[in-house]
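Novice: Hey, can you work out the whole structure from these sequences and the hints?
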Amino acid sequence: MSELNELTPGQLAWLRFRRHKLAMVAGGVLIIFYLFAIFCEFISPYTPDQRNARAINAPPMDIRFFDADGQFHPRPFVYGWELNINEDTWMREYQEDTSTRYDIQFFSRGEPYEFWGLIPTERHLFTVDSESEGYIHWFGTDSLGRDMFSRVLYGARVSLSIGILGVGLTLFLGVLLGGFAGYLGGVFDNVVQRITEVLQSIPTLPLWMALSAALPAAWSPLATYFGITIILSLFGWTTLARQVRGRFLAMREEDFVVAARLVGANDRRIIFRHMLPSFVSHIITTATLAVPAMILGETALSFLGIGLRAPVVSWGVLLQQAQNYQVIVMTPWLLLPGAFIVITVIAFNLLGDGLRDAADPYSSLSKT
Amino acid sequence: MKKYILRRVLGMVPTLAVISVLVFIVIQLPEGDIVTSTVGQLEATGVDMSDDRIESLRAQYYLDQPLPIQYLYWIGNFITGDMGFSYLYAQPVNELVWERLGYTLLISIGALLFTWLLALPIGIYSAVRQYSTADYAFTTVGLIGLATPNFLIALILMYLGYNWFGLSFGGLFSPEYINAPWSWARFTDLLAHLWIPVIVIGTSGMAITMRLMRANLLDELEKPYVTTARAKGVPPLKLLLKYPVRIAINPFISTIGLLLPTLISGEAIVAVVLNLPTTGPLLIQSLITQDMYLAGSLIMLLSVLTVIGMLLSDLLLAWVDPRIRYERT
Amino acid sequence: MSANNLVSINNLTVEFKTELGSVTALKDVSFDLPRNCITAVVGESGSGKSVTSNSIMRLLPDSAQTSGEIILYPQKSEPISITSLAEKDPRLRSLRGGLVSMVFQEPMTALSPVHRIGDQVAEAVLCHREVSKEAAWSEAASMLEQVGLTDVQQKMRMYPFEFSGGMRQRVIIAMALICHPQLLICDEPTTALDVTIQAEILVLIKSLQQKLQNSVLFITHDLGVVAQVADRVVVMYDGQVLEVGDVKQILKNPQHPYTCHLLASMPGAERRTTKESKQKNWAAGAALGGGTALATAEDGRQVREFVR
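Residue numbers (our numbering), protein chains in the order written: chain A, 7 to 374; chain B, 66 to 394; chain C, 276 to 583.
Derived by calculation from the structure, the hints in this document are not laboratory data.
Below 25 Å or equal to it, Euclidean Cα-Cα: the simulated DMTMM-like pairs (lysine to aspartate or glutamate) are:
1) B:K68 x A:E203
2) B:K67 x A:E203
3) B:K303 x C:E414
4) B:K288 x C:E437
5) B:K288 x C:D337
6) C:K486 x C:D506
7) B:K303 x C:D337
8) B:K288 x C:E290
9) B:K307 x C:E409
10) B:K288 x A:E260
11) B:K288 x C:E319
12) B:K288 x A:D359
13) C:K292 x B:D200
14) B:K288 x C:D394
15) C:K430 x C:E475
16) B:K67 x C:E437
17) B:K307 x C:D394
Since the model is a prediction, treat every value here as computed from it, not as a measurement.
Specialist: So, in structure tokens, the structure goes:
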């Protein structure tokens, strides 16, 4: 008993969270993805717009330790592609050219870039010798010979940050409006409630589409990025506001809040000391579960060509290349960014589930 | 009950009014208007427009009036059935939208039924056999379905269809039926094409429905009235369906209203990938080319559909759940 | 066993398997329920009263592991070993609601909110006898009148949320008695009710028992209620039976220290406490000290397992 008493609510929540193995794994995956996004310039072997004329629409490569003769090499390597034009179909067909091994080098020189737009450097996490003929396209290349692996990493930066930023904005709107509606009640509450109802009864995608189509084409990529984020949050806050309001109303009547009031605590103390702590965990959970909707929203808009546009690279923009039926059949690896979307969304869902249980102070007791 | 229905129907009016204002604002957002873009296009082809001509064009579209008046003209015409003119297709909007709207509705309702017919029984099964292998399997599949964007499912399906069966699908009709008049053969051809978008769109809603049904039913199974019924000697299957399932299903009726916007949204994007003759591609086209009468009418129509759907789901809920029926009459 | 007993419980042990290890809810519980008699089981929460009654109805969750035996000796038919019935055995279904039925603690939630009262009561008849729906409804109507409802025809078409707590409990009692069970289990039937309603329900249960000549197993933590309704008393603590006896004997001259403790803890009990029983209370306190330590140790173990 005493051991339990010595733990803070935060520590207890962490204990409960740790029981969810899947949520832990999901959290790990997300941390890795976000690290990828943050350090994408360094991790990717090429810059996203660098073209390789010798590997257009090339399929993903195998990273090998054993050569064609079955001999083991401690340093991983790749083989280059040999391009043949199929004379019947006039299509490009790539075959592995096993005559030369191209060793993978770490922290080596490659295409120069500016890290975070600040530090000029040409070091990449891994490349093949840029002096040689070789190249490494782990995820293959697109129709312009651009490295898909690098593009997926750069796309992660945009897609993943739009999720966080959008949810941040949604949270701000939702908590502010929902909180005030719940706290003030009366006319304000009524107005917010009505707005929420109206917004929820409009099919969001058409409205998103209309708004993002209205963004001037002349805007800079950065401005479009923020524009899209704002559009996504503009309709996302309703659900959260509803929940916050509901919780606020329910909690106002909770015994511990009434008790605090009877003891003579003032409003500020009640809100920050009593209501907020039992609230924050709930909000974090909801926010975690809201991130996927943002990411999927951005993806959908960009996919349709009315969200982010090239030269911005996001997962949705990357998938736009794969809109065409022939393209998918010929170069299915262009769907790879989709796999990243799926994994990210699943991870956020699992993490959110774990957090929800961890945030519920009664969950461990009720299970015994 | 009649009073309740009347009140709900009247309650739709302000909602729709607000939506129409919102839509009007949205279609006003892009720079320029229909006249400037028409004039721009004409001038690009070498036709010179006199100022008088431009002015009369502006007057024809009420563009010389202040915005609120423009809105009133727009919504007034909309209500009386005149949705304006699409310059992209050089046709009245009226002639463009109705058939496409019909297909959108058909696919959305089809997707809803598909979702329910599959997801509700699976949800029930998962709840009754909680933590069984099948439960985990369904949960996993559902989660993947939830996480995969509709259009990606459509793309993957197309890829698999081609690779495995050599099929190329897309559209709602085989080429020979696209412009054919309605006949039994055309109808069966439609059905043969319809199932793909229905499945693709239905899959996204399935995961949520499944998880909700499972969670709801797990909650209900704990309730004392279930024990009461067991203690009364009700046979297990009858008990499950008559009591907890019956009550756990109620919330779904009210979520039709919330699911409908999602389905219509999903339909819009899947239609682009699968090349369906529905409202989605039309809307995107009109938005990209800033054909604002067409875009505005489409969004407005989709919203009206949704609001009606919500109304119907509320009425249905009141019909099946006595608690709500009594509270509100 | 004895021809006078309706149910005999022998060495009943129930364990629950949970994430945090197994928890023993009942340890070696044995007592009998005589015919035509109200037996009360008293004890604090967690003492295993409800687990005992749910074992008789076979309503324990799947995580429960049972050993020992419960035998029902119905009038005019073969004895049934309740504990060894398979879940699909038709006798189990005829047992639930037929031979044995139950009244629950929470009248507010024990009825389905979306089905009419009449439907829920008549269903009990339809589950056990081959009768028409109309016959079941008219039988339900007369049963509802017996439990003191007026305007029965109209009330049967109403929904539970239109009823007060006391009325709902009457409905549940009607539902339980409509198939003339030989044993009626009442699991704290009055705990959730107002004091005045409580008294009415107790009178109702007692008078119906006298009229129908069945046995009642009455579960409660309230010794005042025991004094009002029971003929015999079983005292339970921490999953064990401490004392079984006639109601007068137990209330006047308790043998086990814990029973004394329980009696002394009743409001207004102090006045009646003699010097002798005060000493017994001290002994009870000491005896319970061990029990409390046990409980704490248990909590500690759970915490440690949780942390791990």
